[in-house]
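Trainee: Residue numbers (the numbering used here), protein chains in the order written: chain A, 24 to 340; chain B, 5 to 623.
Do not rely on the hints blindly, as some may be mistaken.
Stated by the list, open to error - Here are the computed lysine-lysine pairs in the DSS-like style, where the Cα-Cα straight-line distance is at most 27 Å: (1) A:K246 - B:K378; (2) A:K246 - B:K373; (3) B:K38 - A:K246.
Said to hold, decoys possible - Some but not every residue of chain A turned toward chain B, in silico, with C-beta under 10 Å: (4) G60; (5) Q190; (6) M270.
Simulated from the structure, these hints should not be mistaken for laboratory data.
Here the structure is a predicted model, which is why all the values come from computation and not from measurement.
We put the CB at the ideal spot given by N, CA and C, even for glycine.
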Amino acid sequence: MADGAWRRFALRRTGRLLVSLWVLVTASFLMIHLVPGDPVRAALGMTASADLVAARRQSLGLNDPLWLQYWHYLRDLFTGNLGDSMVSGLPVADVIGDRLPATASLAGLAFLAAVALAVPTGVGMAILTRGGRRRWAETTYVSGSVVLATVPDFLLGVGLVAVFGVQLAWAPVAGRGGTATYVLPVLSLALGLAAVLGRIVRVEMVSVLDADYIRTARAKRLKARTIYLRHALPNALTATITVAGLMLGALVAGTVLVENVFAWPGLGYAIVQSILSKDYPVVQGIVLVYGIGVLLINLVVDVALALLDPRSTIRES
Amino acid sequence: MPRRWLNPTAIAAGVLLLAVLVMAVVAPIVWSEKADAVDTDQILQGSSAEHWAGTDSLGRDIFARVLVATGLSVSLALAATAIGISVGIVLGTAPMLFGTSPAGVRAGRLVTAFVNILVAFPGLLLALFFAVVFGVGATGALLAIGFASAPSFARLVHTLVAGIAERDYIAAARIAGVGRVRLLVRHVLPNIAEPLVVNATMAAGGALLSFAGLSFLGLGVQIPSYDWGRMLGEGLGGIYVHPSAALAPGIAVIVAGLAFNLFGEALARAVGLRNPSARPHRTPVAPAVSTSDGAAVLAVEGLRVSYGAVTPVRGISFAVGRGESVGVVGESGSGKSLTALAVARLIEEPGHVSADRLEFQGEDLRQPKRAHRKLLGTSLAMVFQDPMTSLNPTQRIGRQLAEVAEQHQGLNRRSAWARAVDRLRAVRVPDPARRAKQLPHEFSGGMRQRAMIGMGLMGTPALVIADEPTTALDVTTQKSVLELLRELREREAVALLLISHDVTVVRQVCDRVLVMYAGRIVEELPAASLTTAARHPYTRALVAAVPDMDTPRDRPLATIAGRPADPAALPEGCAFAPRCPLADERCAREDPPMVAGVACWKAGAVIAPDLQKRSEAAS
Chain A
24 MADGAWRRFA LRRTGRLLVS LWVLVTASFL MIHLVPGDPV RAALGMTASA
74 DLVAARRQSL GLNDPLWLQY WHYLRDLFTG NLGDSMVSGL PVADVIGDRL
124 PATASLAGLA FLAAVALAVP TGVGMAILTR GGRRRWAETT YVSGSVVLAT
174 VPDFLLGVGL VAVFGVQLAW APVAGRGGTA TYVLPVLSLA LGLAAVLGRI
224 VRVEMVSVLD ADYIRTARAK RLKARTIYLR HALPNALTAT ITVAGLMLGA
274 LVAGTVLVEN VFAWPGLGYA IVQSILSKDY PVVQGIVLVY GIGVLLINLV
324 VDVALALLDP RSTIRES
Chain B
5 MPRRWLNPTA IAAGVLLLAV LVMAVVAPIV WSEKADAVDT DQILQGSSAE
55 HWAGTDSLGR DIFARVLVAT GLSVSLALAA TAIGISVGIV LGTAPMLFGT
105 SPAGVRAGRL VTAFVNILVA FPGLLLALFF AVVFGVGATG ALLAIGFASA
155 PSFARLVHTL VAGIAERDYI AAARIAGVGR VRLLVRHVLP NIAEPLVVNA
205 TMAAGGALLS FAGLSFLGLG VQIPSYDWGR MLGEGLGGIY VHPSAALAPG
255 IAVIVAGLAF NLFGEALARA VGLRNPSARP HRTPVAPAVS TSDGAAVLAV
305 EGLRVSYGAV TPVRGISFAV GRGESVGVVG ESGSGKSLTA LAVARLIEEP
355 GHVSADRLEF QGEDLRQPKR AHRKLLGTSL AMVFQDPMTS LNPTQRIGRQ
405 LAEVAEQHQG LNRRSAWARA VDRLRAVRVP DPARRAKQLP HEFSGGMRQR
455 AMIGMGLMGT PALVIADEPT TALDVTTQKS VLELLRELRE REAVALLLIS
505 HDVTVVRQVC DRVLVMYAGR IVEELPAASL TTAARHPYTR ALVAAVPDMD
555 TPRDRPLATI AGRPADPAAL PEGCAFAPRC PLADERCARE DPPMVAGVAC
605 WKAGAVIAPD LQKRSEAAS
């Protein structure tokens, strides 16, 4: 690929990232101002004295003009200062630092599990059902994965808890500890994603296996493994990665619900508690972390696409 | 349109969705009393005949509560979808409403860019953000989910509007001075309603699930109201003692969500569906007889290729001698390419190949053997028609050549690459060391075809099968690729089987020509005598269809009357009879066998000028 095209791609992509970041940071800043009523009064409750509310407003800088608050907010962000929790008084950065590993490991493992399930089943089903062979297998697979994909991850979690936690008592259902505690939360996040991805892998593989260049590969009498894995799979992955990337963002959001099903001590559990207790600085901080996570994932997906299929960057420009 | 709806999935989904909607209206009226009846003697009971799904912490019947909750759950989901669509339409059509003034265009772009940024964030994340802004509770959650779904609707509307904005009727309305809002409401929206409704149906399912999520988290519906999500959240705490309290609302959410999603998908399919047509049947006739050469590279007898009841190649026999160049000509659909693929053992299911004899280099290819892989991989080279699609777009050219040597000749990566570069040089790819590192899209069509040929030269081919190798190329490139093929034949003593619809190409490159029609070889003759000694009327017609220097300019070019035979519906006798100016009753009744290189009852008969004229007029 020509250097010029890469440079244009990098510039365009970085530009989009920066604008998105700015929108995200601004939205997070405005959140506390968009809340109906006085956020401090809401957080401290009706019983708090007017003096206390006024003092807290002063310390949060809420009495400053909006543009000054915005400036302070941006300045503090650059120094890693996300403010303090209105409930516990702890720095928000510490709360996030505490919780982030639990959420990141959950989302990461779920994604890996989904890919590990989806690619082999999708490729296998494509080889079995291409060219209209074994209609029954195709129908079973497709309808099964449609149902699995429609069940939202947190409901799947409830079902898994009921079956494997309560009925069979095979796996722990709450909290984060050893490997066993990961099993059910990871599965509830991964199964639906795996169903969707597996279906895409199959469809893409089936159409790629029909391509002229696969006929060429067969004419070269390459090993079946080489044809499927080296010639077909990379070409089938472009669409898969696009969807996987979009779904990875949704997976990050999905952790919020699943964490609450499994009392998982991550960001999702924290943000819901903070919303309920109106601890706005914590909510702002966690929203920022989720948003940045999603933007970074999108960036990685775009770069991966550009590497896998260099034509995509040209096409876009 | 209504007829296309009649498939089982669509009906099942429709019935399910109808049931959910009816339940949403009826259940709150019928079962509210039962659902709210507190019974302190029946607290947290398991399922029983009286309480199917048990009772909750106040002894209320969970099954009745799940049914009643349908009303709130479904109406909130529909309301949120309505909000999402309305906001989405406003945002999505903003670029159009702002008009074409410079300021308007800039404002429109700004809205679109903003929507594009929002779409990148997952809906649930947006919903959480808006839930904070609008406050905890049913109203807040409703607005949150509505606004969260707006960006994707906006993107959809924007795409759809852009798709029809250039249509004639929009342009006509614009020229007629119709105002922008009126244009939108009267002309644009009705034309994008179909995909919008389909997406809205599926989005309603999504909204239902989102609402269940927010209520489950305690951010949605608040006590004393209850929807499925709220019940789920309350039930989860006691799942060890009383799983049905969590499972019953969970199942309700899934069923309702599925109803919306499946119905939406059925709608989508009904909107853009095509029916595959059925194939007529045909019993094949006996194979033609042909000669074969003892010292042949390739010897084929009675080769047939069938797809189900259709047999596009109907028992053909031929041989290619060592270093010989054989052309196969015929119109598209005559079975030329299938013959090439069948000989190379590249026909895949559901295609079926059978032959009385199929020998390559003296090896019987009819029974697949492990050893055939190496033999065919090194001694048989294939060149396909479209060099644009025949190379793997994601692999470097050099790699695609090198892997042949790695798998069949046991070369390591480095020496295989060196050989690939050498072979690219052999097919006259300039600067092969640099070119080998490039991807196919960086090659021109002619260069790709050279690379394809070079790929075949990685081994030591005894036969090159080239299927329309120059058809996709422009004329000058065609010439140089043919030149290359001819040169290779002389240098490496390779036999060539050249498939082409182009009589001129075959005449230039080949020693001998096989003429195919409707899955049979109808004539076999030296290429040199193609113009002078052809005896089959079809061969003559093919030759006559090629203009040369003597062709009168003032007369229309000769064509072959009628359509090429349909392999699924061949006539009784000679397949060419319906188009043949010489055909008589016998031709229509009996299929002519191959005798002395031609399969025709009228072989060599003179075509009277008036008959010729009639056939031209018929075209």
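Trainee: Compare the structure with each hint and give your call.
Mentor: The hints, checked one at a time:
no. : hint            : verdict
1   : A:K246 - B:K378 : holds (10 Å)
2   : A:K246 - B:K373 : holds (14 Å)
3   : B:K38 - A:K246  : violated (67 Å)
4   : G60             : holds (9 Å)
5   : Q190            : holds (8 Å)
6   : M270            : holds (9 Å)
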